[in-house]
Amino acid sequence: MDGYVELHCHSNFSLLDGASHPKELVSAASDIGMPALALTDHDGLYGAIRFYKAARAAGIKPVIGVELTLDGGQHITLLAKDSTGYSNICRLVTKSHLDNSKGSPSIAFSSLAEKASGIICLSGCRKGEVSSLILDGKPGRAEEAARRYRDVFGQDFFIEVQNNLCPGDERLCSSLISLAERLGIRCVATNNVHYARRDAHRLQDILVCIRNRATLERSGGVRRPNSEFYLKAAAEISPLFRAYPEALRNSLYIAEQCNVDLNFSSYRFPEFAVPEGETAEIYLAKLCHEKARERYGEPSERVASQIDYELNLISRMNLSGYFLIVWDIMDYAKKNGIPAQGRGSAANSVVAYVLGITRVDPIRQNLFFGRFINEEMSSIPDIDIDVSTNHRERLIQYIYRKYGEEHAAMACTYVTFRPRNAIREVGKALGMPEGILDRMSKAVICYSAREIDDDLKALDEFRTYMNSEAWEHFIRSCREIADFPRHLSIHVGGMIISSCPLVDIVPLEKAAMPGRVVCQWDKDGIEDAGLVKVDILGLRMLSLIDEAAALVRRNRDAGFDIERIPQDDGKVYDMICRADTLGVFQVESRAQMQTLPRTKPRSIEDLTVEVAIIRPGPLQGNMVHPYINRRQGKEKVGYMHPRLKPILEETLGVILFQEQVLKCAIAIAGFSPGEADSLRRAMSRKRSQQAMEQLKQRFLDGARGNGVGQDVALRIFDTLKGFAEYGFCKSHAAGFALLAYQSAWLKCYYPSEFYAALLNNQPMGFYSPHVIVGDARRHGVKVLPVDINLSRGKCMVEGGNVRLGFRYVKSVGETAIIDLEQQQAEKPFSSLEDVYLRTGLSRDALQNLVMAGAMDGFGVSRRQLLWDLGLLEQRGREGLPMVYAHTEVALPAMTRVEELSAEYDMQGLSTGSHPMELFREGVPDGVLKTAEAASLPAGSNVTVAGYVICHQMPATSKGHVFLTIEDEEGLMNIVIRPDVYEKYRYVERTEPLMMIRGQVQKRDGVINIIASHLEPLKVIPTSS
Amino acid sequence: MKASKRVTKRPKEPQQIEVDVDAAGEPLSIGVYGGRQKILAVYERWRLEDEWWGNEERRCYYKIQTGHGLVCDIYHEMLTDIWYLARTCD
Chain L
293 MDGYVELHCH SNFSLLDGAS HPKELVSAAS DIGMPALALT DHDGLYGAIR
343 FYKAARAAGI KPVIGVELTL DGGQHITLLA KDSTGYSNIC RLVTKSHLDN
393 SKGSPSIAFS SLAEKASGII CLSGCRKGEV SSLILDGKPG RAEEAARRYR
443 DVFGQDFFIE VQNNLCPGDE RLCSSLISLA ERLGIRCVAT NNVHYARRDA
493 HRLQDILVCI RNRATLERSG GVRRPNSEFY LKAAAEISPL FRAYPEALRN
543 SLYIAEQCNV DLNFSSYRFP EFAVPEGETA EIYLAKLCHE KARERYGEPS
593 ERVASQIDYE LNLISRMNLS GYFLIVWDIM DYAKKNGIPA QGRGSAANSV
643 VAYVLGITRV DPIRQNLFFG RFINEEMSSI PDIDIDVSTN HRERLIQYIY
693 RKYGEEHAAM ACTYVTFRPR NAIREVGKAL GMPEGILDRM SKAVICYSAR
743 EIDDDLKALD EFRTYMNSEA WEHFIRSCRE IADFPRHLSI HVGGMIISSC
793 PLVDIVPLEK AAMPGRVVCQ WDKDGIEDAG LVKVDILGLR MLSLIDEAAA
843 LVRRNRDAGF DIERIPQDDG KVYDMICRAD TLGVFQVESR AQMQTLPRTK
893 PRSIEDLTVE VAIIRPGPLQ GNMVHPYINR RQGKEKVGYM HPRLKPILEE
943 TLGVILFQEQ VLKCAIAIAG FSPGEADSLR RAMSRKRSQQ AMEQLKQRFL
993 DGARGNGVGQ DVALRIFDTL KGFAEYGFCK SHAAGFALLA YQSAWLKCYY
1043 PSEFYAALLN NQPMGFYSPH VIVGDARRHG VKVLPVDINL SRGKCMVEGG
1093 NVRLGFRYVK SVGETAIIDL EQQQAEKPFS SLEDVYLRTG LSRDALQNLV
1143 MAGAMDGFGV SRRQLLWDLG LLEQRGREGL PMVYAHTEVA LPAMTRVEEL
1193 SAEYDMQGLS TGSHPMELFR EGVPDGVLKT AEAASLPAGS NVTVAGYVIC
1243 HQMPATSKGH VFLTIEDEEG LMNIVIRPDV YEKYRYVERT EPLMMIRGQV
1293 QKRDGVINII ASHLEPLKVI PTSS
Chain X
-3 MKASKRVTKR PKEPQQIEVD VDAAGEPLSI GVYGGRQKIL AVYERWRLED
47 EWWGNEERRC YYKIQTGHGL VCDIYHEMLT DIWYLARTCD
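As they're listed, the protein sequences go chains L and X.
Numbering follows the numbering used here, in which position 23 of the first sequence is assigned residue number 315; successive positions increment by one, without gaps.
Numbering follows the numbering used here, in which position 82 of the second sequence is assigned residue number 78; successive positions increment by one, without gaps.
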């Protein structure tokens, strides 16, 4: 190797310190001809995999390392020479995290000494022990420290010298070189890199300010003094070490010693313990044949041959053990009453179905195993499991117990800078006024922080700032910080299970949740490392269905089993076709409610299509409208070739599913399942033009061989190309369709149990609790207010209605709930004082219960109760019940507006009036209620008013904005065309209560108001 | 460089000075106290950059000794290409 190698380098995975993505560092290294590069982030290997991959792809040798914090706060740089060194680094990083409180990793020197094998140690930056002692004027102690490291690491210890042209750097270098010469230790030059290119020093300053919660003006003491911490080429760094060329040469020497391979595919999953004398393949086959009889009775020839086909392929791909692992998890779930189902492409597998991993019959649903597994796959397919949110922790703990904490960990995820937090944090660092930052962050709707400029430009309020230099800095910094990791969190469900101890592969650290440990890689990193993960995803709808079914068993029918309900109930489909689907899984969104009256699903298969099509992809791919038109008989159903008919019949000739893309490629061009899946992937979002061109020729040749004309074949190929990018996975949709039906069935037949469960499992779905309360009311189910004697922690069914639970009241936590329930069981509460004396509830909890109306049953006004609470607090629970004349006051009752406001403050909803009832008197004449407006003929000009409960501007809508407003009578959909939106954009974005003028539109049973004018509704509510 | 008993003085305002430089931009001589003093040694170099968001400063500092025995800190303000005397040691 020639030149210089950077061995001390931070990416943005040194959170709020490094100012470049790993791939930017690699790209810069490639530009300057650096033959190798190290990554040494603070106390972690978070970016190691993506760095490794990017470096390998760029032809640069990756050196994997870390900058560790020692117990005294000093830094040390460690580089892995080999797999032993890499494992030792993982173990050291793990120990530094697990032995300390979260966010404060550090390690003792003695631990370092125990795990020194295979590691090259550099003495560190200014914060290294040796350097900091010299800077403190303690050269004797600096020498002692250096000897100590030399004794542990021997010839693999180097004194690290850095010259970033900071004040004192040259003197420090000189002192370090002298010390190294005296002790016979080699030196190495590094540049303490924190960004790839010089101009990123500004972003690094901003990150430092964010980390220190300071502005640029007031952070001079913590920011770096100059812009010299970038990746320097050999020619740039050489003059700084003119007197010590050996230090530069040693960087090359060290890089040559470091050879680590980050491919762990041989550790992918543990051996499953099978009965003696059997292999995983034999045991899996036995299980499948046994369980196929449970699923199918006597399995048909088709089922039997499909199972054999799948088992054969699973065995050839060495996946039998993986299937057994997943089966075991699902078996535990089943035996322990944990609602769970496999999701995604796994539902294409009959083996997965008979094992009980998935709930969808692939034979009946006409699914396709090749979409899940085929011989040409290069990576293991994930089997993801949806589990009831309420039970998820139990399942995760089972996996930890079964495989041991050394072999199982949660995957992490990186919470990144998005538009709102980018605006606030970057703006604050730049010293921008908080009020402006607040308004900007509320007004912005773009998805990425890169688009903030375009988004805000359209708003007059901010245009005046836009020509200033400060704005340029702000926008540029927001753009640069987009997608930077901000902090680490646990992935929603990814668990990694390995055959070797995980700490040898990836460092672990504490999660925020007590007792939970997370690995430092996210799911992409885990996949790139060749490891396997199982996603255990909490799905609240499973909790809802489970809870509603339990309530039905308790209140109505002790033998009720949701799995036995008929799947063809006309009344349920009638409800769905009316778009009366608030709270129903997957089909409650505004877009779904607009489509259901048109598509009129009448079967699980229809619901499968419904779940799949209302997504940005199919809408963009122009699949939805042709399907709807054919469904309504407005367009003729046709097929480009007879071979496509059996595949596309179910979707009226329109390609909607990924499985159909594969089947079409097989039917027309004779592709194998693997080739067909390669075609789908080449055509998908991550398009590969080159791969597509190769496959196109193969497709045309295969079509010719099957007697399909070239013109037709080309048209079919282009159609596949258009749809493949956007098609949805049918097996995934089918799994969800079943849940959609079950939730609709419950809403139809047991609404009080349904709404109780829906309110108990928030947040979920599309709508807030206050909207759910309104929907319940319209279905004849009253949501009764929180009551100190009648409520429990959760919402309960009470005489066909729902009693709101204590959990909805702010500051009433689990301890308070247990306390209340215990006391309720002894005897009812008779007064505020009784509650106060018998429970240990805090002031806040009691106050909030009063404000929410929980003690209205005592017949004393809320304001009076608050006064009395103050007196009780003064007296204390042990004090004597003395009464003084000056404390006896008669206070006026709260007005209904005040009560309503208090209820919304305390619990986010009111069980009494809708706010619009109180505003109605003050609303101008001519403003109609939503039900009135809906009853008028199409084309009528109307004005309505209400709360905005839903606001959408989908990318597929060509600038149209969709609102849903609610008043005391119901919901109304509003469509805002682009020209109208331009005029009223600020109102639309920021006002919760609006008056809207427009024209009624009625099409295919769907009612909208096409808006022409929007304004905020500013009225004084009726006081009574 | 050993700690010296010299007293350092900082002028109230950095004093603009004339400096001759070589092809690499390194200072060769400075104009102070009415005359030209050749630079015999550059003991240290450092760089300070600040306030890129407002009144930007980009300075290269040098601790030098001249042929007249003057030890001082000078700096080159890179944005204006002006040299200043920052501090002297008596």
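The hints are simulated quantities; they were obtained by calculation from the structure and are not laboratory data.
Virtual Cβ for every residue (Gly too), placed ideally from N, Cα, C.
You may find that some hints are simply not true.
Which residues of chain L face chain X? A few of them, derived with a C-beta cut under 10 angstroms, are [unchecked claim]:
no.	residue
1	Lys720
2	Leu722
3	Ala762
Simulated restraints on C-beta separations [to be verified]:
no.	chain 1	residue 1	chain 2	residue 2	range
4	L	Arg463	X	Arg32	49 to 55 angstroms
5	X	Gly65	L	Val514	46 to 52 angstroms
6	X	Glu14	L	Pro537	56 to 62 angstroms
7	L	Ala350	X	Gly65	31 to 37 angstroms
Hint check results:
Among the interface hints, the one on lysine 720/L is violated; its C-beta lies about 13 angstroms from the nearest C-beta in chain X, farther than the 10 angstroms criterion. Residue-level restraint check for leucine 722/L holds (minimum Cβ-Cβ distance to chain X is 6 angstroms; threshold 10 angstroms). Checking alanine 762/L against chain X by beta carbon gives a least distance of about 7 angstroms; that is within 10 angstroms, so the hint holds. Checked against the hint of 49 to 55 angstroms, the pair arginine 463/L and arginine 32/X fails, with Cβ atoms roughly 28 angstroms apart.
Take glycine 65/X and valine 514/L: their Cβ atoms lie about 38 angstroms apart, and the range 46 to 52 angstroms is violated. One distance hint, 56 to 62 angstroms for the beta-carbon pair glutamate 14/X and proline 537/L, is violated here, with the actual separation near 35 angstroms. Restraint check, alanine 350/L to glycine 65/X: a C-beta distance of roughly 54 angstroms breaks the suggested window 31 to 37 angstroms.
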